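Q: The primary structure of each chain is shown beneath.
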Amino acid sequence: MILFYTGGALVALILAGLLVIKSSKPFPEAFARYLLLFPIGIGQIWQFYFETYFSLEIAEYLHVLANSFEGRFALSQLTLGVAGILSFRKPRSFCFAVAIVAVCYLGGAGILHLIDATRFHLLLLAPLIVSEIIVAISLFFCVLFWRKTNSWGG
Amino acid sequence: MKTFIALNIPFAAYFLAIALSGITYWVKKKNFFSENFARYLYLLPMGIGHLWIFCLQSFFPDLFATEGGWSRSSYQYRLGFMDLGLGLTGVIAFWKDYNFCLAAGIMECWFLLGYALFQIITIVSIENVPYGNKVYFLSADLLIPISIIVSMAFWRHHNSQEGRL
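Each protein sequence line maps, in turn, to chains A and B.
So for the first sequence, numbering that gives the first Met the number 0 puts the first residue at 0; every next one is plus one.
So for the second sequence, numbering that gives the first Met the number 0 puts the first residue at 0; every next one is plus one.
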């Protein structure tokens, strides 16, 4: 079950990478939009589902105590997920706002997972760390190099 | 007293936003009231408020958890990064266009209204809820998103009347 939780983020990242190859749009824009749709949009809603309905199991696997903050943490994943899906066809400035939150959130989560990496089974946590840090860095540079062309929205 | 001040920063920022948006509208005659109000809501309660909560969650997690009536958790640090992201977005939204503000508003409203729902469930289901949980958090979690929704709706209406949408 934990592999579905952690692997989902990695699958979403790979899917975004594959779809961007087929796109005729400029690379930074297309990749940013697919990152917002898959790893951030669908990926975070996927993790929200697990954090909400399998909270005890996830806490046990990640070696943290189940706590009322876990519900609030799941809510932040849902917020980011909904914003990510909405931003797929929205103008650049809309995506820019979602990207700022996503980079802070995923980058921070990746750093925290890295700090605690010794406590976890690496095979289970590696996809999560890799996807969080790669998505955060990729999104940061895509938005940075995304020129002011709103070819898919607004 | 220190705790009271520390936890009421977002709440105080809300009233400061009302005052500053009124001053900007009537004294400087800049923009229309709903746009000014929305921009100050993003800058103060959302921007400064979330950055403040980020500091509390990251550097004073015990204080934040105790006043909320919860036990300290490692999830607080991850929530702190969400607050950091929302805070930065709120501060930047003050100078950005309608679409940036719309995205910031959607995230803020979804996040805070969800939080408010958690608070209400806690208050209904647990008898001895700490004072902080009842007043500081719930009032800010309801007032700020409702104000953002109303001001954004008027801003959009004004934009559509002027043909800017």
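No wet-lab data here; the hints were simulated from the structure.
Values in this document were obtained by computation on a predicted structure and should not be read as measured data.
Every residue, glycine too, gets a C-beta built ideally from N, C-alpha and C.
Careful, some of the hints might be misleading.
Said to hold, decoys possible - Away from chain B, derived, C-beta distances all over 12 Å, residues of chain A:
no.	residue
1	L9
2	L18
3	S22
4	K24
5	F68
6	A73
7	L74
8	G80
9	S86
10	F93
11	A101
12	V102
13	L111
To be verified - Partial selection, computed: residues in chain A whose CB lies under 10 Å from chain B:
no.	residue
14	E59
15	A116
16	T117
Q: Which hint numbers doesn't this structure obey?
A: Hint check: 5, 6, 7, 8, 9, 10, 11, 12, 13, 14, 15 and 16 fail, others pass.
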